[in-house]
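Student: One-letter residues, chain by chain:
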Amino acid sequence: METIETKAKDYSHILGWGIDADAENDPTYPIRHRTDGTGQPIEQHGYNWERPQQQPIDVEVLRSIERPNVSAVFGTSTPPTGLSGQIRRFAFRFSESEYGHWLPLLIADRVNVIEGIVDDFKQGRTPNIFAEKGMKAAWKYNRKGLIQQALIGVAVTTAVIFLLSKKKER
Amino acid sequence: MLAMNYRGPRRVRIDHKPMPTIKHPEDAIVRVTRSCICGSDLHLYNGNVPDTRVGVTFGHEFIGVVEEIGPEVHKLKIGDQVLVPFNIACGKCTFCQQGLYGNCHESNSQATAVGGIFGYSHTAGGYDGGQAEYVRVPYANFGPTVIPPDMDPDDAVLLTDVVPTGYQAAEMGGIQPGDTVVVFGAGPVGIMAARCSWLFGAGRVIVIDQVDYRLEFVRNYAPCEAYNFKEMDDPVVFIKKMTDWLGADVCIDAVGAEAAGSALQTITGRKLLIQAGSATALHWAINSVKKGGIVSIVGVYGPTDNLVPIGNVVNKGITIRANQASVKRLLPRLIEHIQNGILNPKAIITHRVPLEEVADAYNIFSNKLDNCIKPVLIPSAKG
Numbered sequence: 001m002e003t004i005e006t007k008a009k010d011y012s013h014i015l016g017w018g019i020d021a022d023a024e025n026d027p028t029y030p031i032r033h034r035t036d037g038t039g040q041p042i043e044q045h046g047y048n049w050e051r052p053q054q055q056p057i058d059v060e061v062l063r064s065i066e067r068p069n070v071s072a073v074f075g076t077s078t079p080p081t082g083l084s085g086q087i088r089r090f091a092f093r094f095s096e097s098e099y100g101h102w103l104p105l106l107i108a109d110r111v112n113v114i115e116g117i118v119d120d121f122k123q124g125r126t127p128n129i130f131a132e133k134g135m136k137a138a139w140k141y142n143r144k145g146l147i148q149q150a151l152i153g154v155a156v157t158t159a160v161i162f163l164l165s166k167k168k169e170r
Numbered sequence: 001m002l003a004m005n006y007r008g009p010r011r012v013r014i015d016h017k018p019m020p021t022i023k024h025p026e027d028a029i030v031r032v033t034r035s036c037i038c039g040s041d042l043h044l045y046n047g048n049v050p051d052t053r054v055g056v057t058f059g060h061e062f063i064g065v066v067e068e069i070g071p072e073v074h075k076l077k078i079g080d081q082v083l084v085p086f087n088i089a090c091g092k093c094t095f096c097q098q099g100l101y102g103n104c105h106e107s108n109s110q111a112t113a114v115g116g117i118f119g120y121s122h123t124a125g126g127y128d129g130g131q132a133e134y135v136r137v138p139y140a141n142f143g144p145t146v147i148p149p150d151m152d153p154d155d156a157v158l159l160t161d162v163v164p165t166g167y168q169a170a171e172m173g174g175i176q177p178g179d180t181v182v183v184f185g186a187g188p189v190g191i192m193a194a195r196c197s198w199l200f201g202a203g204r205v206i207v208i209d210q211v212d213y214r215l216e217f218v219r220n221y222a223p224c225e226a227y228n229f230k231e232m233d234d235p236v237v238f239i240k241k242m243t244d245w246l247g248a249d250v251c252i253d254a255v256g257a258e259a260a261g262s263a264l265q266t267i268t269g270r271k272l273l274i275q276a277g278s279a280t281a282l283h284w285a286i287n288s289v290k291k292g293g294i295v296s297i298v299g300v301y302g303p304t305d306n307l308v309p310i311g312n313v314v315n316k317g318i319t320i321r322a323n324q325a326s327v328k329r330l331l332p333r334l335i336e337h338i339q340n341g342i343l344n345p346k347a348i349i350t351h352r353v354p355l356e357e358v359a360d361a362y363n364i365f366s367n368k369l370d371n372c373i374k375p376v377l378i379p380s381a382k383g
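Taken in order, these protein sequences are the chains called A and B.
Note that our numbering has the first sequence beginning at 1, numbered continuously upward.
Note that our numbering has the second sequence beginning at 1, numbered continuously upward.
One should not assume that every hint holds.
[Claimed, not checked] Straight-line distance between alpha carbons at most 20 angstroms, and here's what the computed SDA-like set of lysine to any residue pairs gives:
id, chain 1, residue 1, chain 2, residue 2
1, B, 92, A, 50
2, A, 136, B, 13
3, B, 346, B, 81
4, A, 140, B, 213
5, A, 122, B, 16
6, A, 136, B, 366
7, A, 140, B, 353
8, B, 23, A, 60
9, B, 92, A, 60
10, B, 92, A, 144
11, B, 92, B, 72
12, B, 92, A, 70
13, A, 144, B, 367
14, B, 75, A, 53
None of these hints come from the bench; they were simulated from the model.
Make a model of the complete structure from these sequences and hints.
Tutor: Set out below in structure tokens:
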């Protein structure tokens, strides 16, 4: 077992190494366990744990470039497809520290919404937007708010159409 | 099987999807008997979490019955009634070995900052969640916990996230006997954080929110002082006045990205998405805590940046502690608290909705209609 004394030998070339070390100065307590059940320190460096068996990679899994491998298990829901998939693949060229990663993913999410509607129509299904937005509940519990929202929507649309048609006349 | 299907911001529906299958020798298939909608599901629902793909099923708070197990599953058997922690954790990686089960490194390829979470976008691993009749549960030897026979299933389902998250919020506050604790947010997690603050010896617990019926609930449930920030000129000054002008010993952000109360934060964080959600609650927490105090964050934010007064963190000498709850670590203690009658989680459940009406349930919860605090979805195939 490595103790502060044995470690000190490794750092003997650094004057004063460890002389103010304080095991109680640990703001991670009790969230992070630094010792195992027997009091032995938990020390690991790098990917040297006994990895769980790898789930067969039979769908496309995008991987953060901040890790060397695909995690032992992963979700298989909705692999990247279409234009949104292309944008997502582009995003994963960048690290999680870059806007180049996150902003394309948000854009891909919006593109994916349109793809979803197109897919619905392709399958002969007209998406029921009102039901998907839970409007039945809104009508039951927030009728006044819903009518207010609808009226604002109609007023804004009318104003935009009016302004655009006036511009055209000029 | 029937499953919730995300179609875009504020659009979800129930659809028939293929049954989940065993993909890994340590997988189990669980038939869901109860599944909650979490406040953090609203970040997905509103389209605020990057890499939330159309077609995915949400849901990270669920219990159910084991229907099928992989060849390497030895700790569960078919028919076991289990509660499934929202974190997908291997139990073997360096982080799991240190008890950081919310930070597993073997369950999420898409991002290193967070471990796998059921039904929480591809940023959290791309798993389908439990707002469905059936769900695939990886690492079944480690995560799922058999529900004690004397436990009410409504209590059990809240042990998968809400109770541990609220408890860990208080735990991370490092509350000492007599401390004043301010909890921002009277949603399910805030309610539980307020209740659990007393377990650590708080001397005073104050909750701040803008929804009167929730404030009324937490005032009686925790019990605690509860105030509406819409009735204040400035919540930070209000708290300073309430605490002899010095601030609270501990502030807890139990809101996260959906916070109201600041036009700038709302527009940039929730409407334009140029920051990772509205950080109003965190901003108030930092500015309301005493010098040398502790801010505990369990409110969920997106992975990019937020406007917070970091200069005040330095100048006031604040300690910030944050994490996703380590559910598996906390379960033994929390089960004990429920069995001894100290905690009564099921009291926060206000709505029981058939899974088929998932879109209405999201609308009710998101818009805080019908005095909703916690909705539970019940699949018709629950058996």
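Student: Between residue 144 (chain A) and residue 367 (chain B), is the straight-line Cα distance small enough, at 20 angstroms or below?
Tutor: holds, 13 angstroms
Student: With a cut-off of 20 angstroms on the C-alpha distance, tell me whether residue 122 (chain A) and residue 16 (chain B) pass.
Tutor: Holds, because 17 angstroms separates the two Cα atoms, which is no more than 20 angstroms.
Student: For a C-alpha distance cap of 20 angstroms, please report whether residue 140 (chain A) and residue 353 (chain B) respect it.
Tutor: holds, 15 angstroms
Student: Given the hint that residue 92 (chain B) pairs with residue 60 (chain A), test it: the Cα-Cα distance must not exceed 20 angstroms.
Tutor: Given pair residue 92 (chain B), residue 60 (chain A) is violated - Cα atoms ~25 angstroms apart, limit 20 angstroms.
Student: Taking only the CA atoms, is the gap from residue 92 (chain B) to residue 50 (chain A) under or equal to 20 angstroms?
Tutor: Roughly 7 angstroms separates the two Cα atoms, so the pair holds.
Student: Are the Cα positions of residue 136 (chain A) and residue 13 (chain B) separated by 20 angstroms at most?
Tutor: The hint holds at about 13 angstroms.
Student: Residue 23 (chain B) and residue 60 (chain A): Cα distance at most 20 angstroms?
Tutor: Given pair residue 23 (chain B), residue 60 (chain A) holds - Cα atoms ~14 angstroms apart, limit 20 angstroms.
Student: Holds or violated: residue 92 (chain B) and residue 144 (chain A), Cα atoms, limit 20 angstroms.
Tutor: Between residue 92 (chain B) and residue 144 (chain A) the Cα gap is close to 54 angstroms, so the pair fails against 20 angstroms, i.e. violated.
Student: Would you check the hint for residue 140 (chain A) and residue 213 (chain B), treating anything up to 20 angstroms between C-alpha atoms as holding?
Tutor: Between residue 140 (chain A) and residue 213 (chain B) the Cα gap is close to 19 angstroms, so the pair holds against 20 angstroms.
Student: When you check the alpha-carbon spacing of residue 346 (chain B) and residue 81 (chain B), does it fall within 20 angstroms?
Tutor: holds, 18 angstroms
Student: Run the distance test for residue 75 (chain B) versus residue 53 (chain A): straight-line Cα separation, threshold 20 angstroms.
Tutor: It holds: about 17 angstroms lies between the C-alpha atoms, which stays within 20 angstroms.
Student: Within a Cα-Cα threshold of 20 angstroms, do residue 136 (chain A) and residue 366 (chain B) meet the stated pairing?
Tutor: holds, 14 angstroms
When held up to the earlier numbered hints, the structure conflicts with 9, 10 and fits the remainder.
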